[in-house]
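Going down the list, the protein sequences come from chains A and B. First residue of the first sequence? That's 0 in numbering that gives the first Met the number 0, and the numbers climb one at a time after it. First residue of the second sequence? That's 0 in numbering that gives the first Met the number 0, and the numbers climb one at a time after it.
Rather than coming from a laboratory, the hints here were simulated on the basis of the structure. Keep in mind it's a predicted model, so treat the numbers as computed, not measured. Treat the hints with caution; some may be incorrect.
When chains are identical, the list treats them as one kind, so a pair holds in a single copy or across two.
Derived EDC-like pairs (lysine to aspartate or glutamate); straight-line CA-CA distance at most 16 Å [what the hints assert, rightly or not]:
(1) K340 - E261
(2) K258 - E351
(3) K168 - E103
(4) K78 - E21
(5) K168 - D101
(6) K132 - E117
(7) K78 - E117
(8) K206 - E295
(9) K277 - D166
(10) K273 - D125
(11) K340 - E351
(12) K112 - D82
(13) K168 - D199
(14) K219 - D166
(15) K273 - E111
(16) K273 - E295
(17) K168 - E139
(18) K78 - D329
(19) K168 - E114
There are 2 protein chains.
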Amino acid sequence: MTVTGIIAEFNPFHNGHKYLLEQASGLKIIAMSGNFVQRGEPAIVDKWTRAQMALEAGADLVLELPFLVSVQAADFFAKGAVDILERLGIDYLMFGTEEVLDYESISKVYGEKAEQMEAYLAGLPDSLSYPQKTQAMWQEFAGLNFSGSTPNHILGLAYAKAVAGRDIKLCSIQRQGAGYHSLSANQEFASATALRQNLDQPDFLKKFTPAHHLLETAPKVIWSDLFSYLRYQIVTCPDLTNFYQVNQELAVRIRVALKSSETIEELVEQVATKRYTKARVRRLLTYILVGARQEELPSGVHILGFSEQGRQHLSQLKGKVELVSRIGKDPWDSLTQQADKVYQLGNPALREQNFGRVPIMKGK
Amino acid sequence: MTVTGIIAEFNPFHNGHKYLLEQASGLKIIAMSGNFVQRGEPAIVDKWTRAQMALEAGADLVLELPFLVSVQAADFFAKGAVDILERLGIDYLMFGTEEVLDYESISKVYGEKAEQMEAYLAGLPDSLSYPQKTQAMWQEFAGLNFSGSTPNHILGLAYAKAVAGRDIKLCSIQRQGAGYHSLSANQEFASATALRQNLDQPDFLKKFTPAHHLLETAPKVIWSDLFSYLRYQIVTCPDLTNFYQVNQELAVRIRVALKSSETIEELVEQVATKRYTKARVRRLLTYILVGARQEELPSGVHILGFSEQGRQHLSQLKGKVELVSRIGKDPWDSLTQQADKVYQLGNPALREQNFGRVPIMKGK
Chain A
0 MTVTGIIAEF NPFHNGHKYL LEQASGLKII AMSGNFVQRG EPAIVDKWTR
50 AQMALEAGAD LVLELPFLVS VQAADFFAKG AVDILERLGI DYLMFGTEEV
100 LDYESISKVY GEKAEQMEAY LAGLPDSLSY PQKTQAMWQE FAGLNFSGST
150 PNHILGLAYA KAVAGRDIKL CSIQRQGAGY HSLSANQEFA SATALRQNLD
200 QPDFLKKFTP AHHLLETAPK VIWSDLFSYL RYQIVTCPDL TNFYQVNQEL
250 AVRIRVALKS SETIEELVEQ VATKRYTKAR VRRLLTYILV GARQEELPSG
300 VHILGFSEQG RQHLSQLKGK VELVSRIGKD PWDSLTQQAD KVYQLGNPAL
350 REQNFGRVPI MKGK
Chain B
0 MTVTGIIAEF NPFHNGHKYL LEQASGLKII AMSGNFVQRG EPAIVDKWTR
50 AQMALEAGAD LVLELPFLVS VQAADFFAKG AVDILERLGI DYLMFGTEEV
100 LDYESISKVY GEKAEQMEAY LAGLPDSLSY PQKTQAMWQE FAGLNFSGST
150 PNHILGLAYA KAVAGRDIKL CSIQRQGAGY HSLSANQEFA SATALRQNLD
200 QPDFLKKFTP AHHLLETAPK VIWSDLFSYL RYQIVTCPDL TNFYQVNQEL
250 AVRIRVALKS SETIEELVEQ VATKRYTKAR VRRLLTYILV GARQEELPSG
300 VHILGFSEQG RQHLSQLKGK VELVSRIGKD PWDSLTQQAD KVYQLGNPAL
350 REQNFGRVPI MKGK
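So here's chain A without its partners, still in its complex pose (with noise of 0.2 Å):
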């Protein structure tokens, strides 16, 4: 059977997530982002709900993304999602796009050019941002030009760079309705922002989403439930260069920016610049709130929740990956699970989220 993966974040998930798992064929695994997601925010309900709504949705299998993989810039989110998915044995990644491009043949070109690539993007002047650097090397190598607005489209191309060599193919699907920031919703499709902005309207909801029940009877953490905890952890770390990627200068300017900030907004917008762009400062904030330092990312393959396809599909992996099912007294990713405990404290009608928790089975 064809094996189809997609990487996620189901934040919350949506008819259009639903419209993406229909295209898929055979058996549909997902490499999802745990409680923290891409943009450096806590997701707005907890991994668990989350892979229980990919699963009535027609997911077979559901992994978890350890936090250095989900909270990480698009390259680095690709390559270390990809990565788990080649060892779960997919065939397809399959992506959503609002620019159906031949993936296919750019990922060649990376891969035949690659070094080439990665050299031009390294000389290019530090005034420039990251994802401005891979908007112009694309620009250069493969004659595309697109702007910084298409957050699916710039993933894709990661997906593009991150299955280069490997033997995955890249089927990408057009987006439908809504663009991924847009709050505007006339049609069958919203966007998962738009949904995260209204989860006060059940009707809304119900409308947009086919996970409605799990998604208002869920307890909700947004960054204001921890920002407290990021103010308190500044005040008392004596040294935020301790932290994952933080450097002297931004250590600086958060210092600065928190004694006149009251949001994670307000934080953001003062600490950031032309070449720290907001996305990677509320990455840096989170890493700082979760006290993430550098580590080695976890040997083995944490999974949320299975259908009975997708349970078959693992116990013919038994043996040849490491697949964690229950977390004990040996962590599978400590700074996962301690980010997880930073995630409860937003919430106290959380339950605990790994600790002798077992994979979701879907129908049971």
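Please arrange chain B on chain A, whose structure you already have, making use of the hints.
Then chain B, alone, in the frame of chain A:
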């Protein structure tokens, strides 16, 4: 003019403190704990409010003890406070006690036999707590026999040690009415503990503290306002032994106990042993909370408030003692100021505690 020093917490100020101030003659200088107190907890109201209470009841000068003096076992607390008061030129050190003894003679005993006494104490088995060792020492060398239930007497003995060999006379005053921890309050005097437990009873406050109006209106902070930060700190800090006086054994005990503790008292209860008393554990948890590391004590003396007489005394000290009356860009004591920022997180109604604050001038 005679100068009398008093070491105090005023947590909160009550009629017993007023009585003590009335017994003092001449200029009355208070060395007062800042926003965290000796038993390892946040002061119920902030240091400025408590300084104001003291000034209104007759104090002439209120100085702030640095965090690492305030939050210490009796001996270090007494020594640190006496060091400061000595620089301020006190003739007498006055204190309330449950047992009025000849502390002067006791001080002389210590002055003559300090080395033997400390050697004796150091030779006692580590199964005894530090307070137990101290009791054994005083029994051996001065024939004193007392229980652990007279904390002011224990502090009195610590003062007797601290003034040994200095040109400071001790002046003990029989405590009036209720004991330190007593919750009963039938007479004119109620303990600070009783006041803290009756903050919602205006009539009670009116009866037992002259500062009832300030006490009612000032923002309050209790441990439960800060416990989630302590939990966060323990969760995100990779090595608790970085903090002041936390050893490996305690670090492990604290991490294990946190899992089944919902309150500070539950945590203290589980971590404490025969050797590590509850007060000591509560102080250690306070060190962790504020991120305290071993640091030099500050060279300057921070002034919280003064009367006209106090101001005149200060002007005589200029050039001889480093007085800090306004904290700006250069910190007075970075640890105390860090602790104050944490304290402020306990109640958003609190004003900035240091930057730009100037001493309270009585009657202005």
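Structure-based check of each hint:
| no. | hint | in the structure |
| --- | --- | --- |
| 1 | K340 - E261 | between (23 Å within a copy, 14 Å between copies) |
| 2 | K258 - E351 | between (33 Å within a copy, 11 Å between copies) |
| 3 | K168 - E103 | within (7 Å within a copy, 89 Å between copies) |
| 4 | K78 - E21 | neither (25 Å within a copy, 74 Å between copies) |
| 5 | K168 - D101 | within (11 Å within a copy, 90 Å between copies) |
| 6 | K132 - E117 | within (10 Å within a copy, 68 Å between copies) |
| 7 | K78 - E117 | within (15 Å within a copy, 63 Å between copies) |
| 8 | K206 - E295 | neither (42 Å within a copy, 63 Å between copies) |
| 9 | K277 - D166 | neither (35 Å within a copy, 62 Å between copies) |
| 10 | K273 - D125 | within (10 Å within a copy, 59 Å between copies) |
| 11 | K340 - E351 | within (8 Å within a copy, 30 Å between copies) |
| 12 | K112 - D82 | neither (21 Å within a copy, 71 Å between copies) |
| 13 | K168 - D199 | neither (40 Å within a copy, 69 Å between copies) |
| 14 | K219 - D166 | neither (39 Å within a copy, 63 Å between copies) |
| 15 | K273 - E111 | neither (31 Å within a copy, 69 Å between copies) |
| 16 | K273 - E295 | neither (30 Å within a copy, 41 Å between copies) |
| 17 | K168 - E139 | neither (24 Å within a copy, 84 Å between copies) |
| 18 | K78 - D329 | neither (26 Å within a copy, 46 Å between copies) |
| 19 | K168 - E114 | neither (22 Å within a copy, 80 Å between copies) |
The structure shown violates the earlier hints numbered 4, 8, 9, 12, 13, 14, 15, 16, 17, 18, 19.
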